[in-house]
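Residue numbers (UniProt numbering), protein chains in the order written: chain V, 1 to 286; chain L, 1 to 156.
I should point out that these hints are in silico values taken from the structure, not numbers from a laboratory.
C-beta: ideal position from N, C-alpha, C; glycine also.
Just so you know, not all the hints are guaranteed correct.
Rough simulated footprint, nothing fancy, chain V against chain L, three-plus residues with beta-carbon under 8 Å [what the hints assert, rightly or not]:
#	segment
1	19 to 30
2	55 to 62
3	72 to 80
4	85 to 92
One side only, chain L facing chain V, incomplete, derived with CB under 7 Å [as the list claims (entries may be wrong)]:
#	residue
5	Met1
6	Gln42
7	Gln66
8	Pro120
9	Ala123
10	Glu140
Over 12 Å on every C-beta distance to chain L, these chain V residues come out as not near it, computed from the model [as the list claims (entries may be wrong)]:
#	residue
11	Pro20
12	Ile98
13	Glu131
14	Leu226
15	Asp229
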Amino acid sequence: MDFLRPTTWQEALAAKADQPGAVPVQGGTDVMVEINFGVRRPPALLDLTRVAELREWSMTGGLCRVGAGVPYAAVIAELGGPLPGLAQAARTVGSPQIRNRGTVGGNLGAASPAGDSHPPLLAAGAVVEVESRERGVRMIPAAEFYLGVKRAALEPDELIRAVHVPPATGPQYFSKVGTRNAMVIAVCSFAIALHPRERRVGTGLGSAAPTPRRALEAEELLAAELDWDAPLDPALLRRFGELCARAAAPIDDVRGTAAYRVHAIGVMARRTLTWAWTDHLEKRAA
Amino acid sequence: MRVTFTVNGRQESADDVWEGESLLYVLRERLGLPGSKNACEQGECGSCTVYLDGVPVCACLVAAGQAEGRQVRTVEGLADGDRLDPVQEAFVECGAVQCGFCTPGLLVQAHDLLERCPRPSDAEIREALAGNLCRCTGYEKILDAVRLAASRKEHR
Ligand SMILES: Cc1cc2nc3c(=O)[nH]c(=O)nc-3n(C[C@H](O)[C@H](O)[C@H](O)COP(=O)(O)OP(=O)(O)OC[C@H]3O[C@@H](n4cnc5c(N)ncnc54)[C@H](O)[C@@H]3O)c2cc1C
Ligand code: FES
Ligand code: FES
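Work out the full structure, taking the sequences as your base and the hints as a guide.
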């Protein structure tokens, strides 16, 4: 096995191009578990933690550009203002030790349907910036990034550089069902983002289908029928919950049954929309 | 490969490190620092917690090569010579140590909590220790110990 230690982004891209089998490692909270248990014996590890620019975030072109190596602890401490949904999700990841090391980039790289970053990125309309030495930068909308269980739209010579997330213009919420309060992979999860300027609501479902996904019909329903100046219509809220539940295509597994997940997605959809709507009306009244 | 980093203030090197090896393995098996425990190797138990560049992490999930040139502080580095850290004293006095397997990780994590947050609430203590499993004590004595250490540190 090789251990590759690029110190610049260009070196990292060159290393990945020359050795596409090399497995990138940032926090190692997914990769090292697999190596410790012999699930994976890659020809090389490509350590990205020396590439300083991956650990930075900035506001560019009206978007918040979060480097692939920004750990959850920094998302929580520094990005709760512009990216409240992502920060809420980050608060639920693993333990403090895991949040100190684990990154949004690593969550995207692993592309697990249960990854907690995915629902808020989908709801906010994030775009993933990936790059290869030969073909340069590709901007992949989050909704097109997840292709299958633990499979992402990433070519073997590409690396994730950053994720671009529109800063919140309205309330955002993340909700996760787990068997206890800490250290659990989501049984299922749900994120919502209100976009009042566009009169649109974004959604994201986690652990409820082979990939994280949006509830498109539910989003269309609200775009067509939501009155942004009035209290929530209970009938509309109920239909929203039903359409979110219908967008789920879960499986039975050790963490929960498919039927439970469908039910829980509907409940979380109604609750998070209610919380967000309360905030929205309060803000208007203030 | 050879890996060189600073452990508890001393520069250390390990040779013939396998590229997939964890920092935990290097500390315990190559550098003779068995304080950090190996219980799960999957980030679930926290008994391998060490500071890496001042931040608590699971040493079992850090690739050894990622520690190259960095600063590591283990449970062995918490005491000041013969003088135990207040967190260590409090764990002994409160009976927060039984088999001791979870203790090194809890000490590092509790030490970090009190550095960042000198007067933690119970909720903050629980949150900080959520990634450290103990199968013996039932956690109440651990909570007592952290509260005692916090009050002692304040009066030092
Ligand atoms: C105890 C424990 C609890 C956990 N709890 C949760 C949880 O509650 N919620 C959750 O979502 N996850 C959880 N995880 C999983 C893990 O922490 C997250 O998926 C985390 O985001 C991974 O980030 P990382 O930097 O550690 O990734 P790594 O392990 O370094 O990498 C993960 C994957 O991404 C690839 N990769 C990394 N960086 C790049 C890049 N720049 N370009 C291309 N590919 C890349 C790697 O090759 C690998 O396939 C948990 C893990 C553990 C061990
Ligand atoms: S041995 Fe590292 S967390 Fe359990
Ligand atoms: S004292 Fe035995 S595991 Fe905690």
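These are the hints, each one checked on the structure:
1. 19 to 30: With 3 residues close enough to chain V, the hint holds.
2. 55 to 62: holds (count 7)
3. 72 to 80: Violated: only 0 residues of the segment 72 to 80 of chain L have a Cβ under 8 Å from chain V.
4. 85 to 92: violated (count 0)
5. Met1: Hint holds; methionine 1 of chain L Cβ to chain V Cβ min 6 Å, cut 7 Å.
6. Gln42: Cβ of glutamine 42 of chain L sits 5 Å from chain V, so the hint holds.
7. Gln66: holds (5 Å)
8. Pro120: violated (12 Å)
9. Ala123: violated (11 Å)
10. Glu140: violated (17 Å)
11. Pro20: For proline 20 of chain V, whose nearest Cβ neighbour in chain L is about 17 Å away, the distance exceeds 12 Å, so it holds.
12. Ile98: violated (6 Å)
13. Glu131: holds (22 Å)
14. Leu226: holds (36 Å)
15. Asp229: holds (38 Å)
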